[in-house]
Amino acid sequence: MWLISITFLSIGYGDMVPHTYCGKGVCLLTGIMGAGCTALVVAVVARKSELTRAEKHVHNFMMDTQLYKKVKNTAANVLRETWLIYKHTKLVKKVDRARVRHHQRKFLQAIHQLRKVKMEQRKLTDQANTIADLAKTQNMMYDLVSDLQHRSEELDRRIMAMEDKLDLMLLNMHSLPDVLSQAITKIQKDFLDDLACRVHFLSSSLSSDAIYSVDRRSQ
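Going by the UniProt record's numbering, 52 is the number at position 52 of the sequence shown; the sequence numbering is gapless.
Hints are supplied without guarantee of correctness; some may be wrong.
Unchecked claim - With a cut-off of at most 20 Å between alpha-carbon atoms, the simulated SDA-like pairs for lysine to any residue come out as follows: (1) Lys87 with Ala76; (2) Lys90 with Thr74; (3) Lys70 with Lys136; (4) Lys69 with His59; (5) Lys165 with Ser181; (6) Lys70 with Gln109; (7) Lys87 with Lys69; (8) Lys56 with Arg122; (9) Lys69 with Val58; (10) Lys136 with Glu55; (11) Lys118 with Leu79.
Keep in mind the hints are simulated off the structure, nothing from the lab.
Just need the whole structure built from these sequences, with the hints factored in.
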């Protein structure tokens, strides 16, 4: 009841006021709901009415064309009023002061209009440059991020390769004592075998020499 009476049957300036807590709560919720709905509608309308990037480029191009035409027209007006002032002051026998002042006022108005149009053209150019700079900055940031990502991946691959090489070196270091012991054992065995062969050869040669000397003595 309070929702209908306060919202639709009154003007909202205190002609109908709730006195119960329920009525006050319903009125408060109605106000909050109205503010939220209004903000939502405004946000949706603003979002829908916003121009896209292509539409902004087209709009800037059309505005630039119109401002260029205005600049040409105002510059032509300045030249025309300059010529008329010169004509009515230098090329006539009797100078008409009223007409000269009239053309001087138009001349000043044309100069003011030309400055205004050039200012608008400069603002439009700055806005277009800002949009282009933003797009260029976005492209540069994308290229930079891609380059950094590529370098990070390359660095990760190199670190993994270094870790594999370190693991292999540690494995070789752990197996080095066994390899050294095997090599030393083999060298010692070869040396002892060679020494035994030489001793056997020397003993054989000495025994043969002794037998030969005994035979000669017996003869």
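Do the hints match the structure? See the list:
no. : hint               : result
1   : Lys87 with Ala76   : holds, 16 Å
2   : Lys90 with Thr74   : violated, 24 Å
3   : Lys70 with Lys136  : violated, 30 Å
4   : Lys69 with His59   : holds, 15 Å
5   : Lys165 with Ser181 : violated, 25 Å
6   : Lys70 with Gln109  : holds, 14 Å
7   : Lys87 with Lys69   : violated, 27 Å
8   : Lys56 with Arg122  : holds, 17 Å
9   : Lys69 with Val58   : holds, 17 Å
10  : Lys136 with Glu55  : holds, 18 Å
11  : Lys118 with Leu79  : holds, 16 Å
Against the hints set out earlier in the document, violations occur for numbers 2, 3, 5 and 7.
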